[in-house]
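Note that the protein sequences, when read in sequence, are chains A and B. Numbering of the first sequence is given in our numbering, commencing with residue 1 and proceeding in unit increments. Numbering of the second sequence is given in our numbering, commencing with residue 1 and proceeding in unit increments.
Any given hint could turn out to be false.
[Stated by the list, open to error] Below, computed lysine-lysine pairings styled on DSSO-like, alpha-carbon distance capped at 30 Å:
1. B:Lys-50 - A:Lys-172
2. B:Lys-189 - B:Lys-31
3. B:Lys-57 - A:Lys-172
4. B:Lys-31 - B:Lys-166
5. B:Lys-57 - B:Lys-166
6. B:Lys-166 - A:Lys-254
7. B:Lys-50 - A:Lys-254
8. B:Lys-57 - B:Lys-198
[Stated by the list, open to error] If you want the ones that stay clear, here's a sample from chain B, every Cβ over 10 Å from chain A, calculated:
9. Glu-86
10. Ala-96
11. Ile-194
Since the hints were made in silico from the structure, they are not lab data. Glycine included, every Cβ here is placed at the ideal spot set by N, Cα and C.
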Amino acid sequence: MKPIKKTPHPSLRLYQLSFIELWRNRFGLLLLIVIPIVFIAIVEWTSGTNKIPIDLYRYHETKQIILSQHDVNLVFIGAAVSGFLTAYYAILLFHRNFEYFRHCIGMGLSPIGFVNARFLFFLTVTTILAALISLILCYLVKIEQPFSIFIGFIFVGIIYGAFGGAVGLLSKDIMVAILLVVLMANLDAGWLQNPVFYTSAQDTGFIHWLPAFYPTQTIFAAAFTKKLNSWSVLLSSIYSIGLLVIMLLIVHLKLRKVKKWWET
Amino acid sequence: MSTEMIGECLDLSKSFGHQRVLQNCNLVLHKGELLGLVGENGSGKSTFVKCLLGYLKPDSGSIILHGSVGYCPQEEIINRTYTVAEHFAFIRDIYAQHCSVDANYVNHLISEFRLKDYMNELIATLSGGTRQKIQFITSIMHQPRILLLDEPYGGFDWEMYLTFWKIIEEMCQLGTGVVLITHFVYDNKRFNKIYKLKNGVLNEAN
Chain A
1 MKPIKKTPHP SLRLYQLSFI ELWRNRFGLL LLIVIPIVFI AIVEWTSGTN KIPIDLYRYH
61 ETKQIILSQH DVNLVFIGAA VSGFLTAYYA ILLFHRNFEY FRHCIGMGLS PIGFVNARFL
121 FFLTVTTILA ALISLILCYL VKIEQPFSIF IGFIFVGIIY GAFGGAVGLL SKDIMVAILL
181 VVLMANLDAG WLQNPVFYTS AQDTGFIHWL PAFYPTQTIF AAAFTKKLNS WSVLLSSIYS
241 IGLLVIMLLI VHLKLRKVKK WWET
Chain B
1 MSTEMIGECL DLSKSFGHQR VLQNCNLVLH KGELLGLVGE NGSGKSTFVK CLLGYLKPDS
61 GSIILHGSVG YCPQEEIINR TYTVAEHFAF IRDIYAQHCS VDANYVNHLI SEFRLKDYMN
121 ELIATLSGGT RQKIQFITSI MHQPRILLLD EPYGGFDWEM YLTFWKIIEE MCQLGTGVVL
181 ITHFVYDNKR FNKIYKLKNG VLNEAN
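With the hints as constraints, model all of the structure from the sequences given.
What follows is the structure, encoded as structure tokens:
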């Protein structure tokens, strides 16, 4: 028998195939480019230019700054779009063809290899999306800390991606998963974290607990101040890691019963 | 057929709630042996195979499988977004982590099942029968020692049905033990033994 001696590791192959899957999902690919551009363009086109007071949260203190409504709205829509889209991609990555990958694990694919490949691809998409949104915003708004705002968008992406991945894994119906993610992202990243709403909110305590709060504060501090909001960065990291751990735990629970067939 | 035992299940029982699907089932598979497993719809054939594969945990009993396993499921479990070539390359990489995969053998299978012209086609665009061929090749491309086939040829035309049997016979001659699950057995003579699963009890059919 002539064995094939060198083959790529299946995780590497799966990472490459994930790009191919995205490329062939033309609708998904279109969303990645069109949604940020269209949403930001609509805000750019419709937003007023009045100056408004905005509260920025730092560790146990709130700092008020006066900003152009136009700039605030643009940065806010960037954060919301990042949350929506990464959650959508995470659902696609972890919900679609899950039975196929379970079958592949029976054939010998390592569950960790599967998670690594999908997760690495998810991070790649999140980074590309964060870079795209950061670049567009840097062009339209005077951003004080471009790299930090990019990091803030990655945090939103990871947090909502982990949420989307978890919902996608738990839900049998992809439409239900998408509905849940849209509702949550709309309520949190798309509404309560709007700085205009947050500044005049009666009770901000609840808003502080929501997953998009600290990444949004990181983004606003990066966009409009010269000082990094390290408290928000720390809490964003904790939320990101926490939600990722939850998502990976769900993957583990879903795959734990699957063993390589010849290990029974 | 050799006397070397490569797979065995002893006193396998499985219930879903109060419903006993498998009751003290025993089966021994020898090297190069071809076993048929028949039974009516819902008789527990697929449950039996899923227990063998570890997808379902039996309530009692033991399962021993010696060597690599190939499994062709009844339902279509395939990623339709890949091309045929991409799918086979991915599966080959997976198998290659645990056993050697002979490129010539894979090409032989592709040629026998007339898939050469479809290698760069998306699986989503192929017919049900062609997808079934892909699924069958997926289960045997690493030349497993034990092969479990659950209704593998439902969508094959006559020529492919005969090719299927040619490949199975070749594999048995090389020592693979095969368990084929089906509703009906058309070619009794091909099997070394045929088992019937009825009311959860597995018996050798007359």
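Any hints from earlier that this structure breaks? Give me their numbers in increasing order, please.
5, 6, 9, 10
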